[in-house]
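Since the structure of chain A is provided, determine the placement of chain B on it from the hints.
There are 2 protein chains.
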Amino acid sequence: MSQFDVLCIGNAIVDIIARCEDDFLVDNGIAKGAMNLIDAARAELLYSRMGPAVEASGGSAGNTAAGIASFGGSAAFFGKVSSDHLGHVYTHDIRAQGVAFDTRPLAAEPPTARSMIFVTPDGERSMNTYLGACVELGPEDVEADKAAAAKVTYFEGYLWDPPRAKEAIRRTAGIAHAAGREVSMTLSDPFCVDRYRGEFLELMRSGTVDIVFANESELKSLYQTSSFEAGLEMIRRDCKLAAVTRSELGSIAVRGAETVPVQAIEIDQLVDTTGAGDLYAAGFLYGYTSGRSLADCGALGSLAAGLVIQQIGPRPLMSLRDQARERGLI
Amino acid sequence: MSQFDVLCIGNAIVDIIARCEDDFLVDNGIAKGAMNLIDAARAELLYSRMGPAVEASGGSAGNTAAGIASFGGSAAFFGKVSSDHLGHVYTHDIRAQGVAFDTRPLAAEPPTARSMIFVTPDGERSMNTYLGACVELGPEDVEADKAAAAKVTYFEGYLWDPPRAKEAIRRTAGIAHAAGREVSMTLSDPFCVDRYRGEFLELMRSGTVDIVFANESELKSLYQTSSFEAGLEMIRRDCKLAAVTRSELGSIAVRGAETVPVQAIEIDQLVDTTGAGDLYAAGFLYGYTSGRSLADCGALGSLAAGLVIQQIGPRPLMSLRDQARERGLI
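Chains as they are written, first to last, in this note's numbering: chain A, 1 to 330; chain B, 1 to 330.
Treat the hints with care, since some could be wrong.
Some but not every residue of chain B turned toward chain A, in silico, with C-beta under 7 Å [said to hold, decoys possible]:
| no. | residue |
| --- | --- |
| 1 | R19 |
| 2 | G51 |
| 3 | V54 |
| 4 | E55 |
| 5 | H85 |
| 6 | D93 |
| 7 | Q97 |
| 8 | G98 |
| 9 | A100 |
| 10 | A149 |
| 11 | G313 |
| 12 | L317 |
Quick list of in silico lysine to aspartate or glutamate cross-link-like pairs, DMTMM-like style, CA-CA up to 25 Å [said to hold, decoys possible]:
| no. | chain 1 | residue 1 | chain 2 | residue 2 |
| --- | --- | --- | --- | --- |
| 13 | A | K32 | B | D322 |
| 14 | B | K32 | A | D322 |
| 15 | A | K32 | A | D122 |
Residues of chain A placed beyond 10 Å of chain B at every Cβ, according to the derived structure [as the list claims (entries may be wrong)]:
| no. | residue |
| --- | --- |
| 16 | D93 |
| 17 | V152 |
| 18 | L294 |
Hints listed in this document are in silico derivations from the structure and should not be mistaken for laboratory results.
Yeah, the Cβ is synthetic: ideal placement off N, Cα and C, and Gly gets one too.
The following block holds chain A by itself, in its conformation from the complex (with noise of 0.2 Å):
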């Protein structure tokens, strides 16, 4: 059986991508800076209203898969695509990257997952996501010898939103635990954990989950608390081990007494934030699963983080095996 560093689990979404002034999304009353779940009628009317985009895969989880394979380990990805044209670019995306990606394409409708995600001149992302697909994910895609061969089994928070996401990886968590492996998650949103607080704590409590990754208003929403300090004392009991990011003010791992800052990379120009949580947890996924320590794993993370802030699109299309070993770091 073939060993993987890492299995990610997620919403296979292509991203189409445009700027816009904050007024747009004051006018069109979207969330700034948060996932907002649409449904087919305003994911239309949205498009309509949205200036030239750019069309690159996304989705949280298989961003971090690329990332992964972009820094040379190996990682698998379960998510859902139609066979449509874009389902047929996601999964030329993520295969071309090295990733192993084998859950069964729908036949037919609903169409795959898109997310229309408005750039801000902050460089701040505001996503617009049509789950389409993406809702037929189940406990029927969860392939077994994956799940038990991957070091880590990671998915998002945002499987809480389409209905039988949440059985695939209760599944997947149950055969990567029998074999040894441990579980992680990203909390996804902050109001993704507002919808699902009670469920996230218990993945947590319930030892489901092994690894958490957050940033500061995940975790502050998590505890329902306005104290960055506090929030991190409650999921350092709540958990193996946490990395919260914070933005340009790096990041934090903690696990059991250990505490360990993390700097974030010095950014040329902010262009676009799509995907700085993803890519850090896949830099700090391929240093734990390469054995490294996590100081090691947070500044892995925090590279790929800085690099994919520094383009448009969730993906970085340069190596991150090569940054990685510019600078050092691996």
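Okay, now just chain B, sitting in the frame of chain A:
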């Protein structure tokens, strides 16, 4: 009747852009820096070998139309897409930029054209174009009102590749000239010049074309000379106005006895040369149709070209109007 600054006519193409090493071009027989025409089977083969990609609307004259609109000029476009996903994307992007685009799409096959663009570490782009629906552009697609209403009609030399587009060009040029308008073309690519040298020279010498855009290698190919200066003197005699670009050396505009050298703008980081020539023409024609001096036209061309090569993709995502204003050019 509404008036347009520029009517652009070209192959309506969606770009599929990925980075690669130089070896990849050699191994796959792709002429570096050129536009390679491919059939459907080779398109499939190259896509299967291509790395993770991003998609963006492209096509030479379409990029120019988008650039003119981004400067705040009024632009129209003729080009053929199919009624498929990529055709929908292409239509959205050019209309969202404010370009009037009403060419009737094909109902079915062949599909919308796509160009697989490989960008090497030096920033050079090598294009592999499957023309698809573009082969159906013909004289029946000429909208006479737009041809008569545009101060300049601009088309790409690439249109000599599909079978009947040249008939559309000749019809449009006739209408434009009858309305007292000017007609402009880009030589597009040195290999394209090689394929259609005699016809391009005839277009210029017969007065069908008034204004010519070329880069240095296209100019040398047109006159089969290794001397830039010799080429410049010949093109000066063969058309009313010519603008010849020389990458980092800037550009030179010649009109009768006038010779106007223009500097390139300074570049922080060369990312992807795709669209450089198209955007130079956009800036130049925006300046020209708004009554500016050749020096100012050239400066606007240099600005737009310099900006587009510092990003992935052939159409600038920022407002060229804002950029030109910031620099005091308009």
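So, going through the hints one by one against the coordinates:
1. R19: 5 Å, holds
2. G51: Result: holds, 5 Å to nearest chain A Cβ.
3. V54: 4 Å, holds
4. E55: 4 Å, holds
5. H85: Where the cut-off is 7 Å and the nearest Cβ of chain A is about 4 Å from B/H85, the hint holds.
6. D93: With Cβ-Cβ at 4 Å, under 7 Å, it holds.
7. Q97: Cβ of B/Q97 sits 5 Å from chain A, so the hint holds.
8. G98: 9 Å, violated
9. A100: Because about 15 Å separates B/A100 from the closest Cβ in chain A, which is outside the 7 Å limit, the hint is violated.
10. A149: 23 Å, violated
11. G313: Since the shortest Cβ distance to chain A is 6 Å, the answer is holds.
12. L317: Hint holds; B/L317 Cβ to chain A Cβ min 5 Å, cut 7 Å.
13. A/K32 <-> B/D322: 24 Å, holds
14. B/K32 <-> A/D322: 24 Å, holds
15. A/K32 <-> A/D122: 11 Å, holds
16. D93: 4 Å, violated
17. V152: Check passes; 22 Å lies beyond 10 Å.
18. L294: Non-interface label on A/L294 holds, nearest chain B Cβ at 29 Å vs cutoff 10 Å.
Figure legend: structure checked against the earlier numbered hints; hints not met, in rising order: 8, 9, 10, 16.
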